[in-house]
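What follows is each chain in one-letter form.
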Amino acid sequence: MNLPCKAAAVSALAILGASLALAADAHKQTFNIAPSGTMSVINNAGSVVLRPASGRQASVSYTTFSDKVEADCSSTRDGRRVEVRTHALAGQKPTPEESRVDYEIAVPSGVSVNISTSTASITIENLSGDFSLSSDTGQITVNGVTNSFVHVHSLTAPVTLSNLSGVHAEIMSTGGNVQMNSVTGPKVNVSTTGGDISYKGDFSGGGIYTLITHDGTISVSLPETASVDLSARSISGSVENDFPLRDKPHTTFSPIQGRSFAGTSHTGSSSVELQSFSGRIRVKMQ
Amino acid sequence: MNCQEFQETLPHIIESGGNAEDEAHLRSCPACAILVQDLRYIADQAKLLLPMHDPSPRVWSNIERSLRSEGLIREGRMSLMGQLTSTPQMTFPSQSRNWTPLGWAITLAAVIVSAVMLVNYHPVSPVSQETLPSPAVSSWEGADEQLMGQVAQQPPAVRSAYEDSLKKVNTYIADARRAVDDDPSDQAAQQHLMDAYDQKAMLYEMGTVRSLQ
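From first to last, the protein sequence lines are chains A and B.
Note that this note's numbering has the first sequence beginning at 72, numbered continuously upward.
Note that this note's numbering has the second sequence beginning at -11, numbered continuously upward.
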């Protein structure tokens, strides 16, 4: 065998070895979960996807990519608590790639779910319940959630919320951008330090919406039909408004051109408060 | 009974001592015996923290009065039930709160952060801030180092995220504090300061949880 052939053979063996070492290993477990039960998921790397289950059972499908980590799934006898946790096996020090576990979890609506990850992404789709999500850097996506409590903590993880209605949302991110599309409910609080906040929708539902940032940008795009009582204020950043508003006779602050404004459209059924310290605030019509 | 079956009944064993079958397994399995011993120790220690769970109403009143006198909260802002009480039109699924050791650690971290916040918050300073080192920054330094120590085992990208976040939040606190000092009656500045401290508390909570994981 000539040299190039030997090199090719060695490379192929190396690739095969690496593939075997990171071979995907799929598992599935099901649990009975009480209607007001709680599920906790801890998974540092990989992904967690949460979808609705058809019956009263929760199912946890997961794929590991290394034999240095394993997933423990357990539940209490009364089904009030289910725990899913990824951990390294004793004596093992998996690399970030080897630590990955991908979860596909189905839960009935109404269940309280806590998910904590470091770099793993979190996705929740078409559910209702009580969701507490925390990730250092993994993308957090919540879509189609209704009549729920959504609590999100992120360091630099980007947060995307879309088609949420009737939600009480508390979103806090230090450096991650928060993007909202059609998010409505009685209370929506979003706070970032450096992350940008964008909102596209009509702020409907007669709720209280508060978006606050230190030096991120707040961009709001709303349709002409939006019924809002809107105020925007920046301590040292700029404020721009292209949306037609009636001046309010009474405000808690004196509007300053380019720094703050307040006004009402239609009946002003929802309260919208935009605040930045030094970041730019821009309000425009869709 | 094997170890897995035994461990499924752990909560029952910790609470009531278990049945004869559990006892037999405990005698024959040193690993499970040590586990139960550790859990009982943690449960006993957690009980010592119980007074923190429900302090007297006077404590809450004092905290509320202090925050109100500092101008950090307005009428109707604070509630022992939290923000949820302000949205009576919605019904959320009830949450059972089982106080786990992790929960206690987070609570403890939050209490420490709150204490540092209260100690360091001075809305009106008669002395120029430029002539003195910021008490907040110096007090936070040790705690920040501790936080970075907690996440030292994390991958570099995660450590870097914590480091950057800490810097950003500290800048936020410093900016907001300056704005409050400039105009103590500025409610927007006060809200930014509260928000900056909330961000800091979140960082500490996340770092603590990550280190325990």
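One or more of the hints may lead you astray.
Going by beta-carbon spacing under 7 Å, a handful of chain A positions derived as facing chain B [said to hold, decoys possible]:
id, residue
1, Gly150
2, Ser189
3, His224
Hint data in this document are derived by calculation from the structure and do not stem from the laboratory.
Positions of the beta carbon are idealized from the N, C-alpha and C atoms, including for glycine.
The hints, checked one at a time:
Of the supplied interface hints, the one on A/Gly150 is violated, with its beta-carbon coming no nearer than about 12 Å to a beta-carbon of chain B, more than 7 Å. For A/Ser189, the interface hint holds, the least distance from its beta-carbon to any beta-carbon of chain B being 5 Å, beneath 7 Å. Of the supplied interface hints, the one on A/His224 holds, with its beta-carbon coming within about 5 Å of a beta-carbon of chain B, less than 7 Å.
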